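The whole structure should be built from the sequences, with the hints applied where relevant.
Residue numbering for the sequence shown follows our numbering, starting at 18 and increasing by one per position.
Worth flagging that the hints you see were computed from the coordinates, not collected in a lab.
Just so you know, these numbers come straight off a predicted model, no measurement behind them.
You may find that some hints are simply not true.
What follows is a set of in silico ranges between Cβ atoms, one per label pair, in the way DEER data are often shown [claimed, not checked]:
hint, residue 1, residue 2, range
1, Ala35, Lys74, 16 to 26 angstroms
2, Tyr55, Leu25, 17 to 27 angstroms
3, Lys40, Ile77, 30 to 40 angstroms
4, Thr41, Pro68, 32 to 42 angstroms
5, Asp20, Arg53, 18 to 28 angstroms
6, Ser67, Pro34, 28 to 38 angstroms
7, Arg75, Asp19, 26 to 36 angstroms
8, Pro78, Lys40, 17 to 27 angstroms
Don't be surprised by glycine CBs; every beta carbon is placed ideally from N, CA and C.
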Amino acid sequence: MDDTGCTLCGICVGVCPAGVMEKTSRIEIEYDRCIRCYCCQELCPEGAISPRDGWLKRLIPGF
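Structure below.
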């Protein structure tokens with residue numbers, strides 16, 4: 018999540034089928050519960066959301 022690009026419109030929160038996003042003073046995401054459908058990324062008008070590699074991919078290069 019790019020906090021500098023996010024305008025807190027809340028579209029991502031509304032479209033998340035897993036309900037892992039919450040709008041507070043910023044958009045909070047429970048990455049461990051995310052189902053990787055990328056609806057939030059597709060519908061973000063600011064392009065402020067990009068996929069984040071899981072812990073295993075960050076731990077083991079080339080995984």
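Inset, instruction - Report the numbers of all earlier hints that the structure fails to satisfy, in ascending order. - result: Hints 4, 6, 7, 8 are the ones this structure does not satisfy, whereas the remaining hints hold.
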